[in-house]
Amino acid sequence: AARDGVSSGAMYHGEQEQRSPKVSGSQGELEASLRHDVTFLATELAAVRADQDQAVETLGSLTQLVAENVKSTLQRFEARLTRRFTGLFEQLEQAGAAHREALRSQTAAAVAEVQARSQDSEVALQALSVRNE
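For this note's numbering, add 12 to where a residue sits in the sequence shown, where the first one is 1.
Worth flagging that the hints you see were computed from the coordinates, not collected in a lab.
Treat each hint with caution, since some may be false.
What the hints assert, rightly or not - Distance windows between CB atoms, simulated: (1) 77 x 112: 29 to 39 Å; (2) 133 x 110: 27 to 37 Å; (3) 104 x 127: 29 to 39 Å; (4) 119 x 78: 51 to 61 Å; (5) 85 x 46: 50 to 60 Å; (6) 130 x 107: 27 to 37 Å; (7) 79 x 44: 29 to 39 Å; (8) 42 x 80: 31 to 41 Å; (9) 57 x 94: 51 to 61 Å; (10) 104 x 83: 30 to 40 Å; (11) 68 x 101: 45 to 55 Å.
As the list claims (entries may be wrong) - Calculated pairs, SDA-like style, for lysine to any residue (alpha carbon to alpha carbon, straight line, at most 20 Å): (12) 83 x 73; (13) 83 x 94; (14) 83 x 93; (15) 83 x 71; (16) 83 x 102; (17) 83 x 72.
Each residue gets a CB set at the ideal place from its N, CA and C atoms; glycine is no exception.
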């Protein structure tokens, strides 16, 4: 750092370190200056660590928020699919019931026709047997 009264660059929080001009030759002044520098650097390091801890905490919160949003989205998607499939199953059941009823009607008509033909055949056979007698 420059010793001309102001440090040569901005510190972590945009502050500039203010120093009094140094008179060379005094051991006590050098020790005081070093203590001041160490204290200042320790304060800045603590601020950097606090900012990093806050960033890590924010990242953890962000990760949790993303996970909760994904879970919520999946639950809504699952509910929508459930409603859709339930509707489709109901439509299939109705169509199947209508088809079964149509098949029952066709089967009953076919059985009635076969019985009618069978009776006609029996009558014809009886008529033939009467004639042959």
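Hints, verified against the model:
| no. | hint | result |
| --- | --- | --- |
| 1 | 77 x 112: 29 to 39 Å | 52 Å, violated |
| 2 | 133 x 110: 27 to 37 Å | 35 Å, holds |
| 3 | 104 x 127: 29 to 39 Å | 34 Å, holds |
| 4 | 119 x 78: 51 to 61 Å | 60 Å, holds |
| 5 | 85 x 46: 50 to 60 Å | 58 Å, holds |
| 6 | 130 x 107: 27 to 37 Å | 34 Å, holds |
| 7 | 79 x 44: 29 to 39 Å | 53 Å, violated |
| 8 | 42 x 80: 31 to 41 Å | 57 Å, violated |
| 9 | 57 x 94: 51 to 61 Å | 55 Å, holds |
| 10 | 104 x 83: 30 to 40 Å | 31 Å, holds |
| 11 | 68 x 101: 45 to 55 Å | 49 Å, holds |
| 12 | 83 x 73 | 15 Å, holds |
| 13 | 83 x 94 | 16 Å, holds |
| 14 | 83 x 93 | 15 Å, holds |
| 15 | 83 x 71 | 18 Å, holds |
| 16 | 83 x 102 | 28 Å, violated |
| 17 | 83 x 72 | 17 Å, holds |
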